[in-house]
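**Student:** Residue strings, one per chain:
Number of protein chains: 2
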Amino acid sequence: MESFNFYSPTEFVFGRGRESECGELVKKYGGSKVLLHFGGASAERSGLLAKVRDSLLKAGVDFIELGGVKPNPRDSKVYEGIELCRRENVDFILSVGGGSCIDSSKAIAVGVLYDGDFWDFYAGKAKIEKALPVATVLTIAAAGSEGSASSVVTKEDGGLKRGIGSDLIRPKFSVLNPEWTCSLPAYQTACGATDIMAHVFERYFTNTPEVEITDRLCEAVLLTMLKEVPRVIEDPNCYEARANIMWAGTVAHNDIVGVGRSQDWNSHGLEHELSGLYDVAHGAGLAVIMPAWMEYVMHHNVMRFAQMACRVFGCQMDFESPENTAKEGIKKFRRFLSRIGMPINFEELGAKAEDIPLMVEKFNPGEGHGFVPIKAKDATAIYELAVKAKVE
Amino acid sequence: MESFNFYSPTEFVFGRGRESECGELVKKYGGSKVLLHFGGASAERSGLLAKVRDSLLKAGVDFIELGGVKPNPRDSKVYEGIELCRRENVDFILSVGGGSCIDSSKAIAVGVLYDGDFWDFYAGKAKIEKALPVATVLTIAAAGSEGSASSVVTKEDGGLKRGIGSDLIRPKFSVLNPEWTCSLPAYQTACGATDIMAHVFERYFTNTPEVEITDRLCEAVLLTMLKEVPRVIEDPNCYEARANIMWAGTVAHNDIVGVGRSQDWNSHGLEHELSGLYDVAHGAGLAVIMPAWMEYVMHHNVMRFAQMACRVFGCQMDFESPENTAKEGIKKFRRFLSRIGMPINFEELGAKAEDIPLMVEKFNPGEGHGFVPIKAKDATAIYELAVKAKVE
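Residue numbers (this note's numbering), protein chains in the order written: chain A, 1 to 392; chain B, 1001 to 1392.
If you're looking for bench data, these hints aren't it; they were derived computationally from the structure.
It is possible that some hints are incorrect.
Claimed, not checked - Only pairs whose alpha carbons sit at most 25 angstroms apart, straight line, appear in this in silico DMTMM-like list of lysine to aspartate or glutamate: (1) B:Lys1033 / B:Glu1021; (2) A:Lys172 / B:Asp1167; (3) B:Lys1390 / B:Glu1295; (4) A:Lys28 / B:Glu1002; (5) A:Lys130 / B:Glu1011; (6) A:Lys51 / B:Glu1323; (7) B:Lys1028 / A:Glu2; (8) B:Lys1027 / B:Glu1002.
What the hints assert, rightly or not - Examples of chain B residues lying across from chain A (beta carbon under 10 angstroms, computed): (9) Phe1173; (10) Asn1177; (11) Ile1256.
Ideal Cβ positions, reconstructed from N, Cα and C, are used throughout, including at glycine.
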């Protein structure tokens, strides 16, 4: 096991109706002037925003609002938020939405207290030294940003998608009420589920030997997803399944299942070029990329893929040919993704094979390569596998 | 899933040599005058205490020392610590040792800032409202106190063992270096491992339905223990196995595997009367009590025990008689405990059947009953099962 620091100070407030505690929680964590940051019309329509406003008012917390965050959050909204926060002396940012909204909030939080351009942090040109406190009311189980130290934002000019990581942007608290995820359409639910599973796989495929505890914890989250996701696709209002998925999404990405081992974030990196270019849902892009990436890198460690196949996908171990087992596991993963309604190749996603050179050019291999380094020729090969992938 | 708050703000600093960072960590968390609290001669002999002192000196942190904490920590040492801290204006407590030392530190931390008798908190007569900050350098993977909100102390007068829980006593940081656990004798290693497994089982046996994510996380920790514990019993210096066990011990008890479900701490409660009376190791007492408790309560939910048998102990499911599977799982658990050198009945533990009425009288069923309530007659029956238990 490698040395690590694990620090997850976020207070998670989980269960029905817990958004009514927002106002008191903001006060507990020192907020007096809040930016309420949210996305489109759904949080308004569902009544969640009204409940959050009500809680802030009851607690006597002053707030202003900034809506309109889009999926794959943009730098333009971040600039708008930074300016607003400075003008209004905001000292606390409360995100009401999914990962995009949280990531936008985190970007504003670091930008407000920085003299230069906030994109410097995302471009790797500056180190984060301070940030406004951020908190969240989560509406989509997916990104894990409610408990993570990371944020991903897209620069509109060029469609460049880049991330940052810092303990300073870990949310002070996150309200998780699975009820608010019940109205999510099946497609978005499945996209979120795919993202959660990807967060685990990108920790699971490691070159660090003998990390049984985190292997098993990763498998625990994946097994849960295999059981619960088809249930909510079938019955969107199943609170219990929604609750299991929601907590799985947090556990998948606050790093409790990933500490002490090298990780490999190349699938996320390869996907970022897809959703950056076509503005497709991140989870849908991952459904196309991740199994293709697995097929391409499988020979680096066949036994690890056989372990996944047996422990997660319930395959029989083929002791005469572990490779058969490894392949069977990847096939089962793709079958699962297709079953929950995810695209599994370029055509289904709406991506074009002729754009591969452009994506390869923009792909940043520096984002993580703890399993297999991916150079331009490898990225090309993986995208090409994803073009023609089919359910077997 | 039940509503819950999950809050685990401790910074875990894991890996070889990390104790050298103690001094800077104390400063980071605001300590200026430290009580260095430890147990017997082993931390001195191993050289760990010297390294911790050195780190504090290098960081310019002032400290005083109080050693002599015994297993099943006593109230007398707590009173001594409280007095010393008040006299010397201590503002931070650094525990170097295992769970007993940490629990003693936590008791001192709440006692120093309280006008009355610190035992009021353990007797349930007062609510914890403030505490000195506590941090730990862990030397035994067992109690999970390095990341937990709880502390258990024994009142010498009457051998009464009682616990408290409060977020205020969660350690600010915990240094976990598996190297320092390598010198631990096999018996103590196995006692610690049993305690870790018990912490998981006491969350696993629940009446809350459909909690797949925490079920699977519990199973992940248990599966890790089944693999790694026999390895360290065989080869005490196996760093990788020690590392897996150490992180498993923390995960088992910071409640990440137990949130959102009723828990059942009666095994711990029943054991406390054993170790309170005979001063045997807590883990050894649990090895005797826990399988007996399982046998006694099994019929409350046979399928849950069958799930444990299949998913954790690799039993074949007997679909015609799930009860057979359930029983087989408990037998395998007891076989495992015996294999790693644990006592499995009263005689092997050094307990006496004639003391059962005394233990039953002292047993406090209020400590937890989320699976099956245990009254005096049930406690008697469980102790009696433990008297005559054997490996099958």
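**Student:** Looking back at the hints listed earlier, which ones does the structure fail to meet?
**Tutor:** Of the numbered hints given earlier, those the structure breaks are 6 and 8, listed in rising order.
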